[in-house]
Each structure stands twice: as C-alpha cells, then as structure tokens.
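Colleague: So the sequences go chain by chain: A and B.
Under the UniProt record's numbering, read the first sequence as residues 1 to 814, first letter to last.
Under the UniProt record's numbering, read the second sequence as residues 1 to 814, first letter to last.
In silico DSS-like cross-links for lysine-lysine, where the CA-CA straight-line distance does not exceed 30 Å:
#1 K286/B x K246/A
#2 K691/A x K742/B
#3 K742/B x K540/A
#4 K742/B x K742/A
#5 K629/A x K742/B
#6 K213/A x K213/B
#7 K742/A x K691/B
#8 K286/B x K297/B
#9 K472/B x K246/A
#10 K68/B x K146/B
#11 K58/B x K744/A
#12 K246/A x K460/B
#13 K343/A x K472/B
#14 K213/A x K246/B
#15 K297/B x K246/A
#16 K729/A x K691/B
#17 K540/B x K744/A
#18 K729/A x K710/B
#19 K146/B x K742/A
#20 K691/A x K710/B
#21 K729/A x K744/B
#22 K286/A x K246/B
#23 K290/B x K246/A
#24 K729/B x K710/A
#25 K729/A x K729/B
Just so you know, the hints here were simulated from the structure itself, not pulled from any lab data.
Nothing here was measured: the structure is a model prediction, and the numbers come from that model.
2 protein chains.
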Amino acid sequence: MASQVEESTKELNEMSISPFGTARSSVNVNPLSEDEVRKMNEYFRATMYLCLGMIYLKENPLLREPLKLDHIKRRLLGHWGSDAGQSFTYIHMNRLIKKYDLDALFISGPGHGAPAVLANSYLEGVYSEVYPDKSEDVEGLRRFFKQFSFPGGIGSHATPETPGSIHEGGELGYSISHAFGSVFDHPDLISVTMVGDGEAETGPLATSWHSTKFLNPITDGAVLPVLHLNGYKINNPTLLARISHKEIESLFYGYGWTPYFVEGSDLPSMHQAMATTMEECVLKIKQYQKQARDSGKAFRPRWPMIVLRTPKGWTGPRHLGDHFLEGFWRSHQVPVADVATNKTSLALLEEWMRSYRPEALFDQSGALIPELKALAPTGIRRMSANPIANGGILRRKLHMPDFRTYATEVKKGGITNVGSMALFATFLRDIVKLNPHHFRVFGPDETESNKLGAIYQAGKKVWMGEYFEEDKDGGNLAPEGRVMEILSEHTVEGWLEGYILSGRHGFLNSYEPFIHIIDSMVNQHCKWLEKCLEVEWRVKVASLNILLTATVWRQDHNGFTHQDPGFLDVVANKSPEVVRIYLPPDANCLLSVMDHCLRSANYVNVIVADKQDHLQFLNMEQAIAHCTKGLGIWDWASNDQGTEPDIVMASCGDVPTHESLAATALLRQHLPELKIRFVNVVDLFKLIPEKEHPHGLSDREYRAIFTNDKPVIFNFHSYPWLIHRLTYKRAGQHNLHVRGYKEKGNIDTPLELAIRNETDRFSLAIDAIDRMPHLNNRGATAREDLLNQQIAARNYAFHEGIDPEELRSWSWPF
Amino acid sequence: MASQVEESTKELNEMSISPFGTARSSVNVNPLSEDEVRKMNEYFRATMYLCLGMIYLKENPLLREPLKLDHIKRRLLGHWGSDAGQSFTYIHMNRLIKKYDLDALFISGPGHGAPAVLANSYLEGVYSEVYPDKSEDVEGLRRFFKQFSFPGGIGSHATPETPGSIHEGGELGYSISHAFGSVFDHPDLISVTMVGDGEAETGPLATSWHSTKFLNPITDGAVLPVLHLNGYKINNPTLLARISHKEIESLFYGYGWTPYFVEGSDLPSMHQAMATTMEECVLKIKQYQKQARDSGKAFRPRWPMIVLRTPKGWTGPRHLGDHFLEGFWRSHQVPVADVATNKTSLALLEEWMRSYRPEALFDQSGALIPELKALAPTGIRRMSANPIANGGILRRKLHMPDFRTYATEVKKGGITNVGSMALFATFLRDIVKLNPHHFRVFGPDETESNKLGAIYQAGKKVWMGEYFEEDKDGGNLAPEGRVMEILSEHTVEGWLEGYILSGRHGFLNSYEPFIHIIDSMVNQHCKWLEKCLEVEWRVKVASLNILLTATVWRQDHNGFTHQDPGFLDVVANKSPEVVRIYLPPDANCLLSVMDHCLRSANYVNVIVADKQDHLQFLNMEQAIAHCTKGLGIWDWASNDQGTEPDIVMASCGDVPTHESLAATALLRQHLPELKIRFVNVVDLFKLIPEKEHPHGLSDREYRAIFTNDKPVIFNFHSYPWLIHRLTYKRAGQHNLHVRGYKEKGNIDTPLELAIRNETDRFSLAIDAIDRMPHLNNRGATAREDLLNQQIAARNYAFHEGIDPEELRSWSWPF
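Next comes chain A alone, as it looks inside the complex:
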C-alpha cells in the first residue's frame, strides 16, 4: 500500500501548472492566418487600453499629450485582474458569431471585470448607440473613461447600465444558473459564460454545473462555459488553479461536461489555440443539437466547455518594484496604485498604456480604425446588442385562463374546507398548458409535496438523467417538460432569474423556512430590478413570483428548523418600487392574487399560503373585491355594523385568519353584547403610509378600518414585529397588539404551537378581553372559561398526539 500512498502524493505534487508560456490546448490546429492573428490581437490590445483608461483617466483619453497627474482620476477604483481573459474570450466569440451567424450572449461571471465587457460594447458601437454622449470619438471616449467607478457613473460590475448584461456579478455564484435560464426555450441561443475561478468556489456555482441534466437539446439553446483559471482571488490563490490537470479534467467530466483546455500567455499562439478550441466547441454544440433535432430524440450530450488558464492581470507588467504583478493577486484591482504620489509609477503607467499603441488603433477622430471595427459583428448579432439581454423587449403577454372559473363555491364564510394550493394547481396547470414555450415552474423537489402536482398533467418535470422502470409509477419525468426541480434553491432561483431576464415568465414554489437560503439572491434581484427602472432603455421584465408554502404553523413533525417566516422581513427592506407581499386568506383569494402577480411586471411578488385544507371565507366576487382593496372589514364576521366597535380583530395569513375568526366567535359566544370588527389584510404593504409605498393607505383610510383608539388584536402569519415596523407612524399604534411567530416551537400540534406563540383562538380572545377592562366580571368569567377550554384542548393534544376534533373541524357558528 505504501506505493499507492507515494503514487498519490507524487501525482499531486507533480503538478506545477503555470499560466505562462506558449499556448497548450486540447485541440491543435492553427485556423487563423497571420493577418487574422495580427488583427485580433490589435483589437484585443484596444480593449486592454480601454480597460486601463477606465480605471485611470478622466482627461487625455488617447494619450495625445504626455500623461500628467491632472489627467488621472483623483480616486482610483476598478478591477484589472480578469479583464484580459474576459475580453480575449469575447473577441474570439465575435469571430465565430460572424463566421456562423450565431445568436449569442456574453455572461460575465467574475463580475469585477466589467471593464472588459464595457470595452467590447464600446468598440462594437453599442455603447455609443445606447448612450449617445459616450460617442465614438475623443470626447465620447473621455466621458466613457471618466464615468467608470466615478460618482454618478457606473460600477465595476456588469450592472444594469451595461448593454448586453443580464448578470451583474456583484455577488458571485450565479453565472451558470443565469446562463441556463437564458437558454431554456431559446433553441438558437448560445450563452458564452465566463466563470471566475473565485466564483467557482461558491456553493451555488459548484452545484449549477449539473444544469446540463435539465437542458433539452431540441427545445433549448446551449451554454458554453469558459472557466477562467485566472489563478487568484482578492488575496488568495484559487482552488481550481492549484489542483492537478487530471483532477480538474475529471471534475468536469464528472459534472457531465467535456472540458477543452487553453492555457498560456504567449499571444499569437493563444489566439490560435482559442480560435480553434472555441470553434470546435461551437461546432460540437451545433452537431449535438442537429442530432437531437433531426432525430426528434432528446439526449444528454457531454456538452463542451473551455478551461482557459491565463495569468491574472495578463498583458500587464510582470513585476512592480519587488513584487509580482501579472500572474499574481496583486493585479486584482488597480494595478499601479500610487501614480498620484510616485512619479516613477506615473511614468510606468504611461509607458504601459502606450505599449498598446493607441495611436495605431484609433483614428484621428478617436474612433476604432475600420480594419479592426470590421472584426465585430453587426446589428443585434453584437453580444451587447442582443435583445435577449433586454428581456422586456421579447416578453409576450402570458395567456391566462379566466381565474374566476376555478373558484370554489363559498355560500357562507367559514364553513367549508378546501385545499387552496390544490385548487390553485388546476389554474396553474392550465396556464402551463396555454404557454408551452414561455412559462416554467421551478422548485426544489417540493412541487408535489406542495400540492401542486396537478400541473404535471400539462407539463412534466424535465429530466435528462437516466430513466428507471420505477419512473413510470408516477414519476412524471420527461425530456421535455415545464417543471424544473433540483434540490438546490440557488439553482432554481438562478434559472428562474435567467429565464425572466431573457424575456419569459415563471414561478418558484418553496417551503417557507428554506427560502432564507436564497435571501441574498432575491435581494440582488430586487436591486437589479430597481436599478433597471433608472436605465431608460431597459424594458420591464416579468415579475419574479415566489410562492411560499409548508408554512411555519403546520410544521408539527419537522419541528423548529422548519419554522421561520422571516423572509418577509428581508423583502420588506427592499425598494417599495419593486417588492410586493401577499397573504391570501383562502383559496379564492389565492386565485385572485396569483392571477394579479402572474400578469404583473418588474416586481418581486412574494405570496404566502398554506398547503393544507383550510376554511374558506369568501366567494369569488368577494375575494376579488377584497384582494383589489388589499385589506378590508369582513362584514359577515363583524357585528359592529353602523357603530364604533369595542374591539378590532385583525388577521393576515390563512392560518392566523382561521384562529382569529375562531377567537371572534368565542368572544361573541361568551360576550354577545360586544361589538367586534373583523379585518383581514391580504396585501401587506397596505399597512404602510402611502408616502412610503405605492400600495400604502392614507391615514384616513387606515383609521376608517382600524379606528383611532380601539384595541386591535392583530394575528399575523410572520414575526409580529414586522407589523409594528410597517405601522409605527400610524395613530393608535399603541393600541395595536400584534401576535405572530415569536420563535417558540418544536414538535408540536398546530394548537400547541399557536399557544406557545399566543396566536391560538383562546389566547387571542383572552388578549381581547384583557384590553377591555370595562367588561369587569363578565370579562373575568369569560376569560376563565376560555382558559379552561385551552387547557383541556392542550392536554388532549399532548396525550393523543393530535388536536381535538372540535378544533380541527371548527366552523363559523353565526
């Protein structure tokens, strides 16, 4: 065995993989003429010059004068490290777009390499078309340089202001899942996706490589990943650049890809290697697609990908003083930082910039010379002009059946039980049916558990893995389908974002507790949407709809880990321009809300509804009226008509509404003289003042519902403090007593869980009595009765393991 150990050690130690030197590649053909190499290299140099210009210059953009400190921005910001590799890839894709008339997108995973994509967008003319003041001349170039990482300007990621971008990369990890989202149902599209080797270390990216098992070569396009072994992150080497060649090849083989390697720093040979390798990859893609499309038989090929190993800060100085620059992490950000205080550094920068020979690349007016300009594609074939990256342009209206026809009959509120989710599933099924090419449903292996299984009648789960005999037993798998399920919230969210941003519609369903896994992704999507509102040429995309179920109140056996309704707090912090939160109390309201959300644009809509059977309250007409208002008094459950109420019982969320209504009934049974107003809230942002959210009620409207001075017992689905945060400016706030999940839970029956959080009917009714001291003895007697009922029910549940039948099958008695 000792030999095996030695072998293992040896193999791992034998791997000094340098990013420097003559190109080494998987395919060895030299397809370019010397002249082509020269021109591609000059174009490449032009982009590198532009990258430096963006980082450093505010004046003298083409160095037509000697470089002076006055030309340099006073604060130097921006990132140089990954620019060269990204631009190199972009330019080589340009060649193939022209040669094969490809429909292509460029997705920049490393994020902080925006100069590379900005430079290319500028050189292919798109930037100036979109922003005419950044024209293709000296003054336009100056403005283009100055705005970069400058106050009021643009950032160093591929932000929404960047033409051709659907992926900002501010937060790393989502480039591959976004790319797959963009190519689903876009059969002609190839999304070239640069994956930074830093980004590749993140969890979300590490699992997203498996997306090929969900890509149908007949109906979907292709993703061509370029894993950029740039070698370093901010201050550390990257993992994937420091393992053996055999390991990295195996890793990607294992993920299901065919990796092609292009490694080195020598420019002429690197151009040849990249040209031939990328062409081989594009041809492979075309060939697999043709095979599948000609035969009508979808299969999972080992899709090609490129591993590009180049030095970080490629084409920069190898050393700076005693330090390494090119090929080391010191080239990550501003490569020469002390130009303002060190004349040698300023001279070095000038020499470096001049080494790209801008005078030979740009004409007198400051425009790229025609010989080079001719290398870029034209019109919408330019990657930064591809309309798919401005998805709103392509967005077609979703075909929607009339949701009212799916209504459940409700003759009287609070009597019948129906499963809201199962009912909604029939509506969703028909939406799937009517929109076979631009609507998909996403979820992390919970669609069936969430009672949405009816949709499989219209669209199965996409599965390009192996099939077993058992799958016929209700597996609902198919190579073509409309439902996307992998046990990775990150991946489904990333797919959905990519799908929406490239002009289609979709919908994510998830267990409520685990939606926190993608807090940061939703956060970033909100930020993207909000910034898009400030970018004139961006057209609105479909809303991102997130349906949360398997909620906190019905986690009897899953326990404490499955109890967290706090996603709403994260969403509520985002810009009011882009977020909406709905908690429909019953099935007809859920239908109405979902119809609204699926038709809407540019929002993140969060909808919370339980998947179990529930009491139904409103018929469809009432539900529409209620959801349209967003909140309202339920007259049928109130007895304060025409008078001021003694107390307001309010609720938001289906389970809380059930308990709040039961509490109202208890109060009316025990204290019939009480005037009780019952209020339900569907649209959470109605509670906020109108100045702070477009849905907000005016103070007058708010008062008309909640009164100025009466006690309000508000039963809320989520953490109670969110209601206080939304209403702190309202008059009567000190009379608002909110109950909700207070992080008290375990393996409990629904009743026990509610009692621990004081959201059960008994606690609510007692709470109400305690706010009305004027009830005196009558109140005290009722209070004691209620307490005894609560104790009895609790004991029953504790011994039997279930809540008493009379609570489970309770209905409204009036």
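Given chain A's structure and the hints, the job is docking chain B onto it.
Modeller: Below, chain B without anything else, positioned relative to chain A:
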C-alpha cells in the same frame, strides 16, 4: 465526429445502475466469518425494527400482543427512506471502532433519517443513560417509540436532543463542512459523514467536498464521507444516482477524493462488502496520517470516501399494492400510510415488523440480547457518547491578552483618526498566538481586505493545494495555519460551526453585504443553540462570532450590490436567549466588544465595524464603561448638562456616529443656545424592553437617556425600521426620527450616499431644526446655511470624484 457523438450518447445510456442485487464493490475480500455476518445482520435488523417502531407504535413495542389499531399512533410522522443505509453504515463503523479503538463521530447528513441514529444510540445504551425514562426494557422502549415525532417529543432529524449529534440536518447542505470543522485540530478523530444524495445537490454541499485542500494530516483528524446513493428525494430521483459510474467516479476524483463503491441490496454480501471497504478506508486514513506525522511533512492525500448505493427504504416491501415502495421515492416518509383505515395495511405492517423477529433480538425484559449488545463499542467510544459531540464539555477557556494594552490613545474625543480594524487585528493576532490549537479565524478571501492581515504573523492561511513561486511574495500560505479562507461563505460558516460545536473557539469575518448568503445557516445555528438550552446534558459551546465590515456606507465603487445592512433584521428575529448585536463606534470600543464576545458562550454575536480609518471618540477607560453600559450619553459631546435638552442626537454604528457628531457640531455652531444631548448605542438590544431581551433597558432607564418627549434624531447604521421595531413600545416613540440606509445607492462618494439616505451631517442637522419649530427665524437661517453647504459639498464631490477635504478630515471643534 459523428462517432464521438454516438459514443457520448451510448456511454451515457449504457448506465442502468440498479441499487438491487448482490453486492458490487471496489474491494473484494470477505473479512467476516459467517457468524459475524449473522450477528451484524441481526443487529441491523434490530435497528430497522426500532425505526419502524418509532414511526408507528405508542404501545406494544415488542409486538408481544397481536398488533391492534390502539397500538398505533393516531398521527403517523417520520421518515423511513434513508434509515437502512445510515444504520448499516453506523454498525459497520462500530465494528472498526472496536477493532482499532477509534475515536469517531457519526454525522447524519440526510437529516430526516433520525430513526437510524436514534435506534443505534438506544441499542448502544447511551440513550437510556442520557434519558433514564427511555430505559432498556419494554416500558422504556415504549416511551422511546412514542416520543418520536410526537407532541412534546423529539423530531425526525438529529436534533440537539440526539446524543452524539452536532448536525441536525433540518436544512440540508452542511454535513461535510460541519464534519471538517469537527476534525480540524482533533488529530485522532474520524468523522464518518453520511451525505444524502438529495443533500448532495445543494450548493453548499457541492463545494464543501473541496475541504480536503484545507486539512492538514498531521494536526487534523479525518472525514470519511459516505455518499449515500439512496436514489430519491421527496418526489424525484437524485442526480448523482442517475449518472454513469464513470461520471460519478470522475467527479469525486476531481474533487480530490478516492471513491470506493459499495452497491447492492443482498444483505450477506453487502455486509462483507461494507466491512472490507470501510476497513480499507480507515486503514488508508491511518496510513496517510502516519506517513505525514512520521515525516513531519504535511501533504494532501487523495482521502478515501465511500459511495454506498442501496435501495431507498431498503429492507421494506418492494411493492405496496400497485406501487413500488422499496427502491422508490414512495418509501421516503411513512412507508405504509393507511394502517388506520385499511386492515390489509395494518396486517402488512405487522407482518413486516415481525419479519425482523424482535423476539429473537430482545430478551424477556426488553433489552437487546448480550450477543448483539457486544457488537457495539463501550463508554465514550460509542459514537453517540463521544464527548466531542457535546463540545461544551471540551471547551477550554480562550487565553486572552489584556485588550486594554492595545488601546489607541484618545486625549479628546473626535480629533484623531485610527483604523479600528487594523488595531483590532493586533489583538486578534495575539489571541491566535496564545491559542495555537483551539482557535481559528475564518473568512471568504476577505481577511486581508478587511485589514486583519496582522494575524498572519501568528497564524498563516492553511493551504494544502499546490504552491507557486509567487506565494513567497506575501502569500501567507502554509500547510499549518490558523486562518481558513475559501470563497464560499457557506463553507467557512459550516467549518466554524463544526469547530465550535466540537468544543473550540472561532471567529468569522465577512463583507457585510454578502453575509446574507448565510442567513439561513446562521438562522439554523441560532435554533440549534436555543434548543440546546432546553437539553440538560448539553454544555454551552463558544459563541459564534461574526464580524461584519466593508459596510454599506463605504461602498463607493462597488455600488448597489454591495449595500445591504439587513443581516441584523434576520438576527433580531431569533430568540433573545442566543443573539447579540454590537455596533462599536470606534477602535477602543471594538476592542472592548470583541474581548467580551470572544469570552462569551452560546451566543451568536454579530459585530459591525467599518475597516477604514475613523475618528476616535473614547479612551479605553471610557470605552469600557460605555460598552459595559451598552449605550449612554456622551457628556463631552453634549451641552445639556444639568438641564433638559432641546433635542437628542443619537447614533449607532461608527460611520453614523461620525456624521451625527458632525451634525451636532453644526447645530451648536449655528445655534449656540441649543441644548443638545448626544447619545450613542453600542449594544443594539439595549433598546428593547427588559422583558423581551435580557439586555433590554427598563422604561425608566430608557427615558433617562432618550427623554419622554424631546425629539430624537437617531442615525442608524442599518435599515432605519429596525430601530422602530425595537422601540415601538417605548414612550416618546413618535418623537423618534430614525435615519438609516433606505435602499438608495449607487456609485456614490460617502457623502452622496449619506445624502441620498438622509444620514449625512447636513440632513441630520436640518432634520433636527425641523423638529424644533420654536427656533423660528434663527432656525430658518441656519437651515438655509446648512442646505447651501450641503449643495456645495455635493457639487464638489460630483465633479472631483471625492468628497471635500474639510469633510473627510473633519474633527470635533469643541
């Protein structure tokens, strides 16, 4: 090329990998005697019987009477699917623990397979020792069964109540990173880690396989992963069970492991295969460790791992009616669900349970027969009794130098500038030095960027990947070190949690905006800690300390994606028993707070501090007094001594304090007759009423600081609404005007960003004036002056790209 396509297709289609049949394994020796196989199999049957008992029975635990409906729980909950594979692995590890006297932990990744670990803990006697009422007899067994997934009982994950568990698995994805955390600096420990093939699809798990590049075979123990290809999730096949053998082998080779396969369902041959394979793996681990330890030369071996492919619901009925059960997702949860309503099902269940022959496995008293009992290890060698899984037992006090000796001199508040983080780094460096074996620092490639680089003097970054020449140029890499960096927040958080839960101390630093990536992990850790407080035998572990920097207010060039201070909202929803939030205003306060946090136990401490140079306010004595109180009036910045103030200027967070102080100075300069009280908050939960958080102020104390009725202009680091949520019960709440980040940002100078969110000195001073209408004309004049100053500063910044010098180098003028 066509042939390549065909080959590719063929290879992928040739892979009908069945989990059924005679064992197929990488190593083919039969080490067990027939009698050993028989005994191990009987022990295994005993655990399977116990798993079913937990899911179904509340009475008649050993089926000594015919099974009746009365014996069955009324609500059936629990998970059967992964129990067999997990228990099988556990039992085989037991054999090796006994044979080689191993120190081992069992980490149950699939989570919902708790019956397997509970059954094993019970059979090895630990459960009864820990919970004497669950004794090893018929009545104890009955109680053991009944409590499972029963109100007031325990859950179906490896919850804190489970002896031997440091990993609950309620939320999936962290088993491998937790396991690595447990073995760092525990050189003798082997953590056997079951990874569910569902869990394996998550992002966090997918990248955590790379953890071997950070494991030193000399000073750390080993993780032995058992990837359980159980085949199915809730309703879907798993990816990794449906790709070719070659792909899965390559994938794990690529991740850096040597995968050993054990596949099949035939019990006798599976026992032989698992016994020989697991032994081979343990011997490999020992051998690699010996090689490294004897030579003193750390290297990265290709650590062994096991791929265990067995049918889901293994040992259950293959069919149930017309449906597949064993080997399909239908066996995920309660395998036969309708026993209450279907007599045939009840009979089937009885037959199935009796097929394990409980009468032959348990003696008359109900205890496991001695012959089988002898198979389990004894004492703390039993995996469920390993003290490492009750880490508090092992926790030693951290050796801490006196933090006061690191103080920065502050002769007068608001004059000098110091980098708090760089100063803290020197304190941290010495803590690292004093605790070379039980303290580590974790971070996602940001430690240097966060100005904590001084710690490398005491402990370098652990790196077991390849080394390059450049690394000598400040790379700070070493095979042995104290700093753990991978660009995966999930992985570093998982490592840290595992490290702490197994009895050590640690610390995570991260950019503030991206800490949302691990919202859900921190959430789950809080829940774990809180439940541990309810479990008597659990001893408190070190706090999880999270230092957030690169904060929202200094993201000039990173822009909108890097602006999110909302992690505090997520944390504030967790139980007050376990969460603490600190925002030290300056360097000495940061030292004092960090000293406190690093000494504390069982909390999640979140500390927010910027990494740039900042004004210093308090000398060390003042800082200690201030941090001990948690908030207070800064007399030196106030001029209301002995009187009621006209206005209270309050702040929380370093940047907001700077601006709030500057606003106070502006007010005093413009309106010298004003009486202003300056208040600073360090400990955020001081704001909450004392009944709701142990740190909360009484109403009297609160009033003494904030007054009852004076306007308070509160400048807050995070979203302003959090302050309202914390103070909504306080008198004078309507006078509290909170400013904070309102999701308004972009590429802005610090001033511009502050102005957009109304947190700059001018806006705050104007805000204050607007709340004091009695100032009349004097107020109006001052207001106009301030507005003009604001406009001028803003214009300067817009044109020059930096804020005016007089703002950047501002100091307290009084």
